[in-house]
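Mind docking chain B on chain A? Use the hints.
First to last, the protein sequences are chains A and B. Residue numbers for the first sequence follow my numbering, beginning at 440 and rising by one. Residue numbers for the second sequence follow my numbering, beginning at 786 and rising by one.
These aren't lab readings, by the way, just hints derived from the structure by calculation. Note that the structure is a prediction, hence the values are computed from the model and not measured. A few of these clues could be false.
Only pairs whose alpha carbons sit at most 30 Å apart, straight line, appear in this in silico DSS-like list of lysine-lysine [said to hold, decoys possible]: (1) B:993 - A:576; (2) B:993 - B:1101; (3) B:847 - B:954; (4) B:1106 - B:1046; (5) B:1009 - B:1106; (6) B:807 - A:623.
Some chain A residues well away from chain B (every beta-carbon gap over 10 Å; in silico) [unchecked claim]: (7) 489; (8) 576; (9) 601; (10) 651; (11) 716.
Heads up, the beta-carbon is just placed ideally off N, CA and C, and yes, glycines get one too.
So the chains spell out like this:
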Amino acid sequence: MQLKERSILARRLADLAVRALASLAAIIGIAFLVWIIYVVLARGISAINWDFFTQLPAPPGMEGGGMASAIVGTLLMTALAMLIGIPTGLMAGIYLSEFGQDTRFGEGVRFTCNMLMGTPSIIVGVFVYILMVVPMKSFSGYAGAISLAVIMLPVVTRTTEDMLALVPNALRESALALGAPRWKVTLGVVFRAARNGLITGILLSVARVSGETAPLLFTALNSSYWPSSLSEPTSNLTVTIFNYAMSPYKDWQAMAWGASFLIMAGVLFVTLFTRSLLWFRSYKK
Amino acid sequence: MRLVGARHTLDVKQEQIMDLQKQNNFDPIFRYLTIACGGLIIILAAGILWELYTGSHLSLEKFGYHFLFSQSWNPVTENFGAASSIFGTLLSTAIAMVIAVPMSLIIALFLVELAPPQISRIVGSAIELLAAIPSIIYGMWGLFVFAPYMADHVQPLLARIGGPLPFFKGPPMGIGMLTAGIILALMVLPFITSVTRDIFLMVPAVVKESAYGMGSTTWEVNRKVTVPYGIQGIIGACFLGLGRAIGETMAVTFVIGNTHKISASLFSAANSIASTLANEFTEAAEPIYLSSLIELGLILFVLTFLIQLAAQLWLKRTKRKMGVA
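With the rest of the complex left out, here is chain A (with noise of 0.2 Å):
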């Protein structure tokens, strides 16, 4: 009824309208996606040298130096956090998906999960403040690593948790008709058939912790020399770009630059990696 009362004329002027908008916004998205990307490849490409990955930082106005210190402790406590974070979250995924599908502790367990991988990640840092480094009276590496693992554990177990649901039951069916045990079942032959949506997922997931700040703040630090030992601050890359960027020697601010470039192509290549792995088999089938 409503539409009769304007002219054809006006309706297509108006589809025509929000076609452009929609087009436009589409546009500026990605303008967004290529400015940023502009930006850090061509201011940081230049701090990018041998130096970079080799030496440790300079004080501000000497020539030289890098960040070959906070690469290392950027490495090593992604390690350690993937080492914790992504055992649980595996087990934790198993329970929901094969043990704790319809019960009620499950249901818990699932919203606990969305809960945890919606807070925001300062906030993980601050309880592993009060949690580690007030007890131990200094920060350190293994508190930023914990932290990086209880920002992994929820996206982990949920990531494994979807990707086993598409299993098949039959599977599951078949294995145990062959008197194989639960745990066998699951961990050979339910994993061997999620294995690369697993992978892609943990990965994914590897991948953006590795760029977090907020909860190494303090909980690693920083530091300007070679990480000895975690239990003493960590240089890493994410906290160094934080306080290099902020101070206002030039130099320092460059070297932010190539840091985030560094950051930024990792966490970008795995994205990218995994997503055309994830599309070039959706393509094959």
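For chain B alone, kept in the frame of chain A given last:
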């Protein structure tokens, strides 16, 4: 000879059965291990709440509920209030949502209805890549590139358009509430877009085709059929985006300016809960200062909890209604 051979195979079988028995015995352990890991998640969430609560008891005792409404933030006189941080958090999030929601909706519409599949796939992945960029990169870009751009081009323009309105007053410094809000919008855009796109895709083709068959234009089909059909899911998506924006730390810390003041102008420097934590946590030497900061964290945690709760209950109800659960 034959007999011996038979005995031998029997032994092996028995051994295998014994082995299987042992493997079966491991089953309950495995089960409990997975339950323990699931339980760990609940313990973690409860632990965060508990630690934040006990950690802030000093400031809870001293300031009581006045903490929520007091604007003062003075480490010297040890007088703290969360009003300016809460205000900054809510306002920057509101700006982000005002920009991101319509833009996400229209981009989702572009992806599903307008663009050819090839282009839709590329644009969709590009938009999702925005979510993969770490927030500290947004911060760097925001501080060194976007804020100067805002100061030189966007803010003077807005000041001229805005005229006597109080929102666009003050010197165009680049950093401040508005810039933080825009960057936040950019960061939540991919989340809302991808959920909304999935919802648009779930609308049955028959429904849309019948509207087209009546002679509707694409816009009319979307406005009167697609959006009403998926409105509940879209609202849920917005809640998810809201939860992201409200706790975002690094990007906001870089560009918001970090001043404990409430100002009507969107150009002026402000602060948010997360940016205050990021900036001041390691500097807080006095117990009451630290405790106040932890109470800020508690407020943020409760806020995100409530948003998540609303979003999840809402999405669950919607799924059941749409029959996709």
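Between residue 847 of chain B and residue 954 of chain B, is the straight-line Cα distance small enough, at 30 Å or below? violated (37 Å)
Is the Cβ of residue 651 of chain A more than 10 Å away from each Cβ in chain B? violated (7 Å)
10 Å Cβ clearance of residue 601 of chain A from chain B: The claim holds: residue 601 of chain A sits with its nearest Cβ about 14 Å from chain B, beyond 10 Å.
Regarding the assertion that residue 716 of chain A does not contact chain B, is the least Cβ-Cβ distance greater than 10 Å? Correct as stated: the minimum Cβ-Cβ distance to chain B is 13 Å, above 10 Å.
Next pair to validate is residue 993 of chain B with residue 1101 of chain B; report whether the Cα-Cα distance is within 30 Å. holds (25 Å)
Regarding the pair residue 993 of chain B and residue 576 of chain A, is the alpha-carbon distance no greater than 30 Å? Measuring from Cα to Cα gives roughly 63 Å; hence the hint is violated.
Hint consistency between residue 1106 of chain B and residue 1046 of chain B [alpha-carbon to alpha-carbon, up to 30 Å]: Cα-Cα ~45 Å, so violated.
Holds or violated: are the alpha carbons of residue 1009 of chain B and residue 1106 of chain B at most 30 Å from each other? Measuring from Cα to Cα gives roughly 19 Å; hence the hint holds.
Mind verifying the non-interface call on residue 489 of chain A? Its CB should be farther than 10 Å from each CB in chain B. Holds, since 23 Å exceeds 10 Å.
For the pair we were handed, residue 807 of chain B and residue 623 of chain A, check the Cα-Cα distance against 30 Å. Distance ~12 Å between residue 807 of chain B and residue 623 of chain A Cα, so the pair holds.
Does the no-contact call for residue 576 of chain A survive, Cβ to all of chain B over 10 Å? holds (14 Å)
In terms of the numbered hints stated before, the structure departs from hints 1, 3, 4, 10, listed from lowest to highest.
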